[in-house]
Amino acid sequence: MEDYILQVENLRKWYPIRRGFLASLLSKEELYIKAVDGVSFKVRRKEIFGLIGESGCGKTTLGKTVIRLYEPTAGKILFNGVELTALNQKELKEMRKKMQIIYQDPYESLNPRMSIYDIVSEPLKVHKITDDPAEEEEIVRTTLERVELRPAEDFMYRYPHELSGGQRQRVAIARAIVLNPIFLVADEPVSMLDVSIRSGILRLMLDLREKYNITYLFITHDLAIARNIADRGMIMYLGKMAELGTMDQIVENPQHPYTKALIAAVPVPDPTAERTKVVIGGEVPSPVNPPPGCRFRKRCPHAMEICGKKDPEPVEVEKGHYVACFLYA
Amino acid sequence: MPLLSVENLKAYFFTMKGPVKAVDDVTFSLERGDVLGLAGESGCGKTTTALAILKLLPEPGRIVNGRIIFDGMDLVKLSEEEMRRKVRWKRISLIFQGAMNALNPVFKVGDQIAEAIMLHEDVTKEEALERAAELFEMIGIEKSMINRYPFELSGGMRQRAMIAMALACRPDLVISDEPTTALDVIVQAQVLKLMTKLKDELNLSFIVITHDLSVIAEVCNKVAIMYAGKLAEIGDVVTIFKKPMHPYTQGLIGAFPSVKEKKELISIPGYPPDLLNPPKGCRFHPRCKYAMDICKKEEPEMKIIEGHRVACHLY
Chain A
1 MEDYILQVEN LRKWYPIRRG FLASLLSKEE LYIKAVDGVS FKVRRKEIFG
51 LIGESGCGKT TLGKTVIRLY EPTAGKILFN GVELTALNQK ELKEMRKKMQ
101 IIYQDPYESL NPRMSIYDIV SEPLKVHKIT DDPAEEEEIV RTTLERVELR
151 PAEDFMYRYP HELSGGQRQR VAIARAIVLN PIFLVADEPV SMLDVSIRSG
201 ILRLMLDLRE KYNITYLFIT HDLAIARNIA DRGMIMYLGK MAELGTMDQI
251 VENPQHPYTK ALIAAVPVPD PTAERTKVVI GGEVPSPVNP PPGCRFRKRC
301 PHAMEICGKK DPEPVEVEKG HYVACFLYA
Chain B
1001 MPLLSVENLK AYFFTMKGPV KAVDDVTFSL ERGDVLGLAG ESGCGKTTTA
1051 LAILKLLPEP GRIVNGRIIF DGMDLVKLSE EEMRRKVRWK RISLIFQGAM
1101 NALNPVFKVG DQIAEAIMLH EDVTKEEALE RAAELFEMIG IEKSMINRYP
1151 FELSGGMRQR AMIAMALACR PDLVISDEPT TALDVIVQAQ VLKLMTKLKD
1201 ELNLSFIVIT HDLSVIAEVC NKVAIMYAGK LAEIGDVVTI FKKPMHPYTQ
1251 GLIGAFPSVK EKKELISIPG YPPDLLNPPK GCRFHPRCKY AMDICKKEEP
1301 EMKIIEGHRV ACHLY
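Chains as they are written, first to last, in the working numbering: chain A, 1 to 329; chain B, 1001 to 1315.
Fair warning: there could be bad hints in the mix.
Calculated cross-link-like contacts (lysine-lysine; reagent style DSS-like; alpha-carbon spacing at most 25 Å) [what the hints assert, rightly or not]:
(1) B:Lys-1143 / A:Lys-298
(2) A:Lys-260 / B:Lys-1090
(3) B:Lys-1090 / B:Lys-1077
(4) A:Lys-46 / B:Lys-1263
(5) B:Lys-1297 / A:Lys-260
(6) B:Lys-1077 / A:Lys-260
Derived DEER-like restraints, expressed as beta-carbon distance ranges [stated by the list, open to error]:
(7) B:Pro-1060 / A:Glu-148: 22 to 30 Å
(8) B:Pro-1060 / A:Val-82: 56 to 64 Å
(9) A:Asp-207 / B:Lys-1197: 23 to 31 Å
(10) B:Asn-1203 / A:Phe-21: 30 to 38 Å
(11) A:Ser-164 / B:Glu-1264: 46 to 54 Å
(12) A:Asn-253 / B:Lys-1243: 27 to 35 Å
(13) B:Tyr-1149 / A:Lys-298: 32 to 40 Å
(14) A:Lys-298 / B:Lys-1197: 19 to 27 Å
(15) A:Asn-253 / B:Thr-1124: 53 to 61 Å
(16) B:Ile-1294 / A:Gly-281: 53 to 61 Å
(17) B:Leu-1202 / A:Gly-281: 39 to 47 Å
(18) B:Lys-1297 / A:Ser-164: 23 to 31 Å
(19) B:Lys-1297 / A:Leu-206: 49 to 57 Å
(20) B:Pro-1060 / A:Asp-207: 37 to 45 Å
No wet-lab data here; the hints were simulated from the structure.
Every residue gets a Cβ at the ideal spot worked out from N, C-alpha and C, and that includes glycine.
Whole structure, please, built from the sequences with the hints as guidance.
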């Protein structure tokens, strides 16, 4: 049997839209932003699973909901054998030692008034890991060394503004791994960094996975990065899964019309590469009360009558490769 | 004669701590119809170069040396008044970084474009608005949208509107600073396609400033790689991507992921230098794996090798 660390089933995150008093009297209909609308997937232990999509597709909401930073509207989240949606706050806090998050922007996610030592040791204090200051310092030191901020003494008592973007992101990673988690949500961890710095951070993440058996949920809009770091991934469109499979399956043998359009649109850093651009028109529509049926159909070159009537269910087109599209139903 | 030739340009910011040498002795030229990509990481001086060409450097920045010959005129010698009347927008226009948010939210987009036209040409408001509508049609947005406010347009449409505004006075050269950075992939592809189409139809030249090498591979025919205020390497796009000679260019291309292949991503060790106090000799030497003694002492000269120019002591 496969060893899954995370099994998400039919997960929903809807945000109600607040309206004025009069508007709410005049119409009974509740409006929702359906940021995540019925998504299911499984993540294997020690894999890097990419959540890929354009802005507004719900990838960040999904990433934060699976670790219950956002409360799900409906659905199940089985994490490491425990149903997360059933936990109370106290049990959830205990569980948080195992699952952590790295944010996109290391210029925003670190408190400028806290020293690197305070930032990295804060999770230890919150979870009351140790009473012994010497032990705490030792944990912070080894954690900073694990993220290659060496020698740790040079960094501990400095403040975020004294560090470069790449070093800050390493501090954010240190803070995330200081409790020895088994699962990390990485929300666009390199998109704010320069190209020459990016690969260093990605390599560090791969290295931490090997040494400490960490599983990553890697959220990105960049298919080229996903291709190069993730094992498997899911392409999302407007809160739904479009396609799921290994990165090779998705990139080399895309099936969903949206995935095809997305891959055709990715610029390739090779001026001699063949350019067969079938660029689709339009932009991602609003996720407020989307009409029934496939959400991509208004932009889809293959839209059929059925696409407007029902939601497409995921179909397995080859082993482990799922597509939610009526072309394959 | 090239359309634009930048010779030994130096643009410094005179801060309280001393001069920041943001652009230090940069030389390149551009023919009519060229699309030149100016690439490099944050802080390498690519935006400063663009602003210096238009003489729009913010305080305390100044051009301290060099010539910017555009169509026979030395822009460095022109007065502010002459720049505004003769050059900016009419001959050289600029698409700003974060163009999506560069529109004024309280004016209709058509009025904003018409304003740019009326400032530079002797036309009535009706004529200007009509031209704005034509521009919208050219960039693939419905004419009636000129009566909308920016918030009613999507991100991609706003970016197109900024392109329309840059083309309003029929310039010869358009400088675009990170034209697609904030856009989604599919919209980015639409905008890049539009830029290429406009270039062919209107015989425009472009300078595209970006950190994204894949954007350069898509639209440019020439590339200049900048590092810490200096040009590292310049040449035609195929040569630079296929046979990069400068170790920095090699590192940058090696670090750039492609959706087409899975490769080991190589990072460049260290961090870009502080331009208040750049390293002696070659500015890249502390991060360069081929660094020799001479690199620490002498600045490398630009040399012409196999059709492109490179500043490195290896050659």
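Verification of the supplied hints:
1. B:Lys-1143 / A:Lys-298: Holds, at roughly 22 Å.
2. A:Lys-260 / B:Lys-1090: 41 Å, violated
3. B:Lys-1090 / B:Lys-1077: Within the cut-off at roughly 18 Å; holds.
4. A:Lys-46 / B:Lys-1263: 20 Å, holds
5. B:Lys-1297 / A:Lys-260: 52 Å, violated
6. B:Lys-1077 / A:Lys-260: Between B:Lys-1077 and A:Lys-260 the Cα gap is close to 52 Å, so the pair fails against 25 Å, i.e. violated.
7. B:Pro-1060 / A:Glu-148: 22 to 30 Å: 37 Å, violated
8. B:Pro-1060 / A:Val-82: 56 to 64 Å: Holds, at about 59 Å.
9. A:Asp-207 / B:Lys-1197: 23 to 31 Å: Given about 45 Å between the Cβ atoms, the range is violated.
10. B:Asn-1203 / A:Phe-21: 30 to 38 Å: For B:Asn-1203 and A:Phe-21 the Cβ distance comes to about 58 Å; the hint is violated.
11. A:Ser-164 / B:Glu-1264: 46 to 54 Å: 23 Å, violated
12. A:Asn-253 / B:Lys-1243: 27 to 35 Å: 32 Å, holds
13. B:Tyr-1149 / A:Lys-298: 32 to 40 Å: 24 Å, violated
14. A:Lys-298 / B:Lys-1197: 19 to 27 Å: At 24 Å between Cβs, range holds.
15. A:Asn-253 / B:Thr-1124: 53 to 61 Å: Given about 58 Å between the Cβ atoms, the range holds.
16. B:Ile-1294 / A:Gly-281: 53 to 61 Å: Given a distance of about 55 Å, which is inside 53 to 61 Å, the answer is holds.
17. B:Leu-1202 / A:Gly-281: 39 to 47 Å: With a Cβ separation near 22 Å, B:Leu-1202 and A:Gly-281 fall outside 39 to 47 Å, so the hint is violated.
18. B:Lys-1297 / A:Ser-164: 23 to 31 Å: 27 Å, holds
19. B:Lys-1297 / A:Leu-206: 49 to 57 Å: For A:Leu-206 against B:Lys-1297, whose Cβ atoms are near 38 Å apart, the range 49 to 57 Å is violated.
20. B:Pro-1060 / A:Asp-207: 37 to 45 Å: Distance hint for B:Pro-1060, A:Asp-207 holds at roughly 43 Å.
Checked against the numbered hints given earlier, this structure breaks hints 2, 5, 6, 7, 9, 10, 11, 13, 17 and 19; the rest are met.
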